[in-house]
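J.: Spelled out from the first residue to the last, the chains are:
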Amino acid sequence: MDTTKRASGSVGKVLLQIFLIFVAVTQIYPLIWLVFFSLKDNSEIFSGNVAGLPSTFRWQNYAVALNQGNVIKFFLNSAFVTTVTIVLVLFLSSMAAYAITRMNWKLSKFTMTLILVGMMVPIHAALLPLFMVLKNLKLLNTYASLILPYSAFALPMAVFILGSFFKGIPLELEEAAVIDGCGIYRTYFYIIVPQIRSALATVAIFTYLSSWNELMFAVTFINNQSYQTLTVGMMSMVGTYITQWGVIGAGLMVATIPTIIIYLLCSSQVQESLIAGAVKG
Amino acid sequence: MKGIIGKTAGVVLALGILCSTAACSGGSSQTAASGPAAGSAAAGGDGEIKLALWDQSVGETDPTAKILPEVVSQWNKDHPNIQVERTGTTGEQYKTKIKTALAANEAPDVFYGMGGGSFMQPYIQAGNVLVLDQYVSDETKSKMRSGMLSGCQVNGKIYTLPCYTHLANLYVNTALFKKAGAKVPTTFDELLEAVTKLKAANITPAVIGEKDRWPGMYWFDIMAMRQAGNDACIAAFKDPAKFNSPDFIEAANKMQKLAKAGMFNSSMFSMSYDEMLAAFNAGNAAMLFQANWVNAGIEDDSSKTKGNVEVVIFPVFTDGKGKASEFYGGGQDGFYINSSTKNPKEAAEFLTYLSEELGSKGYLAGAGLPCWNTDSLDTSKLSTLDKTDAKLLDTGTSFITWWDNILPAESAEIHKNLIAELLASKITPEDFCKQMAQLKATELTF
Amino acid sequence: MNSVLSNKKAICIFVIPTLALFFIIVFVPIVVSSYYSLLDWNGVGRGAFIGLKNYVEMFTSTRALNAMKNSLLFAGASIFIQLPISLLLALILASGVKGEGFYRTVYFIPVLISTVVIAQLWSKIYNADYGLLNTLLKSVGLGYLAQDWLGQTSTALAASFVPTLWQYVGYHMLLMYAGAKSISKDIYEAARIDGASSARIAFSVTIPLMKPILKVCLVFSMIGALKVFDLVYVLTNGGPFFTTEVPSTLMYTTIFDTYRYGYGSAFSVFIIVECLAFTLLINKFFKTE
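Protein chains in written order, with UniProt numbering: chain A, 1 to 281; chain C, 1 to 446; chain P, 1 to 289.
FYI, nobody ran anything at the bench for these hints, they're computed from the structure. There could be a bad hint or two in this list.
Here are the simulated BS3-like pairs of lysine-lysine, each with C-alpha atoms no more than 27 angstroms apart in a straight line [unchecked claim]:
1. A:K73 <-> C:K77
2. P:K8 <-> A:K167
3. C:K179 <-> C:K157
Listed next, with one range per pair, are the computed distances between beta-carbon atoms [claimed, not checked]:
4. A:V25 <-> C:E430: 51 to 57 angstroms
5. C:K321 <-> P:A277: 55 to 61 angstroms
6. A:V25 <-> P:F80: 20 to 26 angstroms
Quick look at which bits of chain C chain A covers, simulated, 3 or more residues with Cβ under 8 angstroms [as the list claims (entries may be wrong)]:
7. 51-59
8. 87-95
Only a predicted model underlies this, so the values are computations on that prediction, with no experimental measurement involved. Note that the Cβ used here is the ideal one computed from N, Cα and C, for glycine as well.
Input sequences plus hints: build the corresponding full structure.
T.: Printed below as a string of structure tokens:
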């Protein structure tokens, strides 16, 4: 499609590539910085070598970070909370988005607007009221005290993305299913859901990001170490290793690596879904 | 509080959306007694009591962080029927966490009170904190240093027990002073002189982490105490109109003079407290005015200034009313008990044990200065800084704790913000004092 | 067909679980916060009902108005600086340059990284004493430009906005890229045959067809900007002298430092209403266009 462009001289193309690489460097640098940082000691960090390669690679920083009490337990907690949240969000939001965008009922528009308000709530103001709600539901200090809020706050975005995706699916699909004698549930689960797999991947990664990295709820709703999440554990390392910044960096890396891996695994799916769905607004 | 939730739950139910699901349990639990103490409710085996303890001692250079787990595990060993479960959270998050929990009546049995004073005042007034008078025996009282208990009282009732106390003094990097040919100051004029010499030698005279605003407050507060004297300061806390008087204006004036003379790092407004300590420990500045909780960091092996730092009293002003024996600090930094705890007696027992153990062991580990009798303790292993501080404590005749703990919370914020403006010369000393006079009077008794 | 898609029972089964969760976790706290905002309450004990006094104070306090002004500036910066950069990148990538997939993946990475890390990074970049930015300026002979970026009133506001803008460039880029990619190739071909230049195609064909996705980006970045908290809080905590304060950071200090729960809640209600108003405005704008 861009044959004309290719013809338009290689100088422009080189300049364009230089520009794109420059942007890429500014976008990927924090990750590289974190890797370097996690392998340095204080004197190096404070004596001006904030940016460059460490003079010696201090892998022991990772040993300290990983030996930090319950890292494995924290990691599993985070993984469990995040997984359940993702499954719950996918399940709930896809059904809701389907009903709102494709089924006929009076309040569908209003319901959509209502759910979107959820994106506008500043969570710090919701902290105390939510704490009270969870207290009254007797859910404090349980996995549910994180899973439910994470899911609820991830729902608006999820319904939004899936909703715009559903709009792009031709109505003939359902018609054919109905003619074949499928009920609404069969139609939904066997015909519709398989159509939106890549959109679900997108929702999954956004939900993952918001729940894996969340700090405020995790600190406030959980007191019991056995339910504590990795972010909280790593954050308390920031408070603990005041004098060993490299160890903090290593801890942050431990918390970041799963995200990067998951993203790289899902990224083609995510991008594909965004392109195919091309959020219609 | 409960009324609000009740009403809201009512609204939600009226919307008829949540009928059979979780919301019903939300509605019905209104009638259930509000469960006290997050961690405490879960009882273990027969008759076993569980107590939840929250603190913010997790920092690796915070000596309390090392002692606290030891104290707790020793207690658990000695008291198989009263098991304590500890949750440590770092500073800023601890503040949010404990305030939310207290507001929701879900606080743990025993918790750290962030220096008491105006931090605890709203909760004491609201009855969220247990009165300890009936649990503190005369024997316990007799073990405390004289005067220490009065700092734990509000309106004549005991709410906390002392652990240790802290004093703010001037930390001087002698190596840098020597390099600049400056003399450790004992008066304001000498301080100005030292600033000039240090500046000439291209050394930053002092660091302030003013991004967090309280480090700058320490400087102004001690200068106000040196200029007006502790009694005048206490009078002004009770009647802030007195802040608008020549002595306080002069203190603000001197503070601004120092700032204009280039005493403080030019990056102070973007520097945090942690960065300030890092800068001082790295030898990037000659002076620091802080409390003795910085000792451990200075003495840490990672500190470049280790061995070169002396702690001295803040210079006395020849034209001021304050004396060298008047100190900034000396407040009680203790733990409190939730008034809705199911086991007040046991919690108080633990609190007594915790406070005394921290008071003695913590002192030996350099966590703070003692509030309990320490005659029997072997103090030979204390660092020079800790020993000097302990000696200074003994010479004190009058103590005023951190002003942001004395002033009501909102006034404390204004106080800190005004000092930042003073440091940046955004406000004149006269206007500074006029605005200080608008603050609310302290709710604490002196 | 219609009867299947109007199945009331199915609609209920599909929607009610979501609504139930949403009501308990999101809606109830909003209602409770709105109620708090009518109280003079310190977070414990009983609050006194004071009607709209908190709101009156909010709209007459210079500090609060300044915070609102800052968040509007930030929203402006998001719309007029961040989104155009995202759009430019999206159009370039969508036109099929070499390494398209690679860039697309890399540009999204900042979105993945936790705010804790981003905040650490930028505070090291801006540090006045040993920061990356000043070091860089000095090494290229521009030492006179080195300054205390976050510590002075003249630069702090802009400096505290840059990290958030930077972090989400890739996010909007990806959304817009998807929008551009989904435009039928025939339309491009037709334009090419007409002899239109790339820039012309972008302005007269691609961008108009991307309107729906541009609206989404506009709404998202607007809401994000009006709610901004994390990075501003960590980098400057609203300082120096409130120059970088935004409604959410002011709300946080009001609630947790000065114990004014009612007044703080008024800010949260304000933020929600503000977001809602702007979202509706954007929708209107796109409809009438």
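J.: State for each hint whether it applies.
T.: Verification of the hints:
1. Among the hinted pairs, K73 (chain A) with K77 (chain C) is consistent with the structure: their alpha-carbon atoms are about 25 angstroms apart, no more than 27 angstroms.
2. About 20 angstroms separates the Cα atoms of K8 (chain P) and K167 (chain A), which keeps this hinted pair within 27 angstroms; it holds.
3. Restraint check for K179 (chain C) and K157 (chain C): not satisfied, since their Cα atoms lie roughly 53 angstroms apart, outside the 27 angstroms limit.
4. Checking the proposed 51 to 57 angstroms range against V25 (chain A) and E430 (chain C) shows it holds: the Cβ atoms sit about 53 angstroms from each other.
5. Distance hint for K321 (chain C) and A277 (chain P): a CB-CB separation of about 57 angstroms, consistent with the stated range 55 to 61 angstroms.
6. Range check, V25 (chain A) to F80 (chain P): about 24 angstroms between beta-carbon atoms, so the 20 to 26 angstroms window is met.
7. Judged by the Cβ-Cβ criterion of 8 angstroms, the segment 51-59 of chain C is covered by chain A as claimed, because 4 of its residues qualify and three suffice.
8. Counting residues of the segment 87-95 of chain C whose C-beta lies closer than 8 angstroms to any C-beta of chain A gives 6; at least three are required, and the coverage claim holds.
Consistency with the previously given hints fails for number 3 only.
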